[in-house]
Every structure is written in C-alpha cells, then in structure tokens.
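Student: Sequence:
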Amino acid sequence: MAAHDHDAVPLFCSLGLVVLDELRLPDGQVLPDVVGGSMPYSTVGACLAVDEVDIQRICCFLLAGHDFPQDATKEIEGWGVDLEIQNAEGRESTRGKLQYHDKGFASKTFGYMTPPLQPTAKDLPLRFLRASAFHFLASPDQLTLQVKDLLEARKEAGITTRPLILWEPAPMHCRPNSLAAHVEASELVDVFSPNHQELDALCGRLKQQGPLPPADVGREHVEGCAAAFMEEHFHIFGPHQLVIIRAAEHGSLVARRTTSGDQLQDTVDMTWVDPYYSVEDQHRIKDATGAGNAFLGAFAVEFQQNGGDAVEATAKASVAASFAVEQIGLPTKHHVGGRPAKSEWNGTTVGERMKEYERKTSKT
1 MAAHDHDAVP LFCSLGLVVL DELRLPDGQV LPDVVGGSMP YSTVGACLAV DEVDIQRICC
61 FLLAGHDFPQ DATKEIEGWG VDLEIQNAEG RESTRGKLQY HDKGFASKTF GYMTPPLQPT
121 AKDLPLRFLR ASAFHFLASP DQLTLQVKDL LEARKEAGIT TRPLILWEPA PMHCRPNSLA
181 AHVEASELVD VFSPNHQELD ALCGRLKQQG PLPPADVGRE HVEGCAAAFM EEHFHIFGPH
241 QLVIIRAAEH GSLVARRTTS GDQLQDTVDM TWVDPYYSVE DQHRIKDATG AGNAFLGAFA
301 VEFQQNGGDA VEATAKASVA ASFAVEQIGL PTKHHVGGRP AKSEWNGTTV GERMKEYERK
361 TSKT
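My numbering puts the first residue of the sequence shown at 1, with every later residue one more than the last.
Fair warning: there could be bad hints in the mix.
Claimed, not checked - Now the in silico label distances, taken between C-beta atoms and shown as ranges:
no., residue 1, residue 2, range
1, Ile328, Gly111, 10 to 20 Å
2, Glu312, Ala8, 18 to 28 Å
3, Thr271, Glu356, 15 to 25 Å
I should point out that these hints are in silico values taken from the structure, not numbers from a laboratory. Note that CB positions come from ideal geometry on N, CA and C, so glycine has one too.
Kindly produce the complete structure, drawing on both the sequences and the hints.
Tutor: If you want it as structure tokens, here you go:
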C-alpha cells in the first residue's frame, strides 16, 4: 500500500467495480484474470491527469474477494496511488467473461461469472471520504442510493464541502422507458456522461437531415439527442451542471444550460472537443473497453486543477482516453528517473501526447 499525505485532500475516488475479466479473443485465445472494470480504468485516467508528485492524491478502493490474484494487486500498486484493499470475507472476486466476436474488437458481449462486489461510501476509509470528486457507474436507482450514502457518510464525518460527482449510466439500463429516471437522477450530479450509443438508446433515434459528411451527420445526431435530453427538463439542470457525450471518433460534446437574450431564455450551449484518435487513426485503436471510464477520471481531476474549464478538461480527458484504447487491458506505467519524478504510460508521457494533440487539432 502506498504511503499517503493526510494533509492533502484527495482529488479523485471511484466507487465503481474492479472486475477480473476472462477475455475470449476472436482467434480462440483465452486470457484469464485481466484487470478491468470502471474503477481501475477511471483511476488510471485520473493518474494521467496529475503530475507524478500528486499521484497519491488519487484514491483507489479495491474490494477484493479471497481469490484476488497477487499479480493483479501488484499491477495496481505499480500506479503509485493511495491504495486501500478491503477483503470481502467468504466472497469470490468480481469476475466477468468478455467475448470478442470480430477481429476489429468492435462487437463484444459481457456477462458476470460471479455476483459483483459493489463498494459503497460506507466501505471507504475517512481519508477517501474526504475526496473532492467521486465517480459512479450505475443505474438511476443505484446512483440515487449511492449518492445519498456518500453525502450522509461525509456529513457524519464532519465534511461540510460538497464533492464533484460524475455519473456514467449503466449501459443495460439505457432504454427509452428509463429516460425520465435518468433525467431525474441527473439532478444529483455535476456531470452526467453517457456515450453516444447510450444517449441514443435513451432518447430514441432522430432523423438525419441533409446531405452532410459522415462526421457532421454523427455530430448533428448527437446534438439532437443532447437537446432532447435537456430541453424539456431545464428545471432539473442548473447552470453548473454538465452533460458530456463521449462520441468515439466524432469527439466529445460538452453541453450545459445557459440563459441568454433580453427575455432571459434558456438554451443549451454545446461545444465539440476533438478526439485524440480521429477517423483516420482508427487503426491505432485496439480495444475501446474502459476508454469512457478513463475519460471521466481524467476529466474529474483536470476540471478541478484548471478552475472549472469544462472544454479544457475534456481535451485532457480525450488524451487520457487514448491510452486506454491502444491495447487489450489497462495501459502500462513505467517510472522515469529525474527530478521532479516522471512517468511514462504506454512508452510516452502525457505531456508529449498533449503536445501532439494540440498539433493535430490545430490543423482542423
């Protein structure tokens, strides 16, 4: 377990699952005990957004069964985060089977092989409860309970500030008949972030209009869904709340409620942020599993570090997500010597990749 600084407020904590995946590849190869789940990927994203000197301000709460592999623990310890391991006595670790159906790794199915071990705020040590941002992947009902538990636990601990709360909807619950529940639950969070397919499943398909290039058609469709999600429920969304749609090669849409004009009309302000890997770069993407989790971990940290600039934080999050898609499984961290301490992920630094991102996006 990494040492931790009791004086520094932690920047990030995920209450997502850690899953030991059995990966079944298209060529028939089976990879057991691959660390996955929303907690590890979002935690890596948060790591990518901080300097190495602040890495222990990233919390990692691991609820493990009796069979959690030592190699998996060592992999997580290698990130250098503030790691807390709680053993669930008499329980197996959360295990899943991820089946890939094509060589492009685009079509896949997932199922749990054991009952999930879901951490709650009541499981967290006090220093983790103090975190300034929390990440959830949950259904609307689950989110409502988890946020309630979190705020109550913080109040009981004498923590009076409200944390930044980020919510990824659970894909299996994104259906048109659950739209109202998702809108209502969004009132509890600061950032609601589905991907474009999840938003489309909630809002239903809109008609494409006009002979536009494919990228523009995709963006137009996402904008229409975002407007449909927000415009009829303006009373739910405060001006501080964000809806961020992660739309793969189309980039990410940052949407928020604004009031403008002489009559103070409510509108939805939308800004697109380009992805790191564009349409031309799709051959660089090996597996998109976990990219959304990594995106939100990085967004949560950068949004706090830059004083609340959502567009700038989304750019940093887009770069962080690029590390998640380049391989099967989590990206790999290596420590680099020097002062101050530095680290590389997948053989490069976040700073180098940010410079490359700025070069790429300045040409568009």
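Student: Has the hinted range 18 to 28 Å been met by the Cβ atoms of Glu312 and Ala8?
Tutor: Given a distance of about 23 Å, which is inside 18 to 28 Å, the answer is holds.
Student: State, for the Cβ atoms of Ile328 and Gly111, whether the hinted interval 10 to 20 Å holds or is violated.
Tutor: Hint holds: Cβ distance 18 Å, inside 10 to 20 Å.
Student: Given the range 15 to 25 Å, decide if the beta-carbon distance of Thr271 to Glu356 lies inside it.
Tutor: holds, 22 Å
Going through the hint list in order, the structure satisfies each hint without exception.
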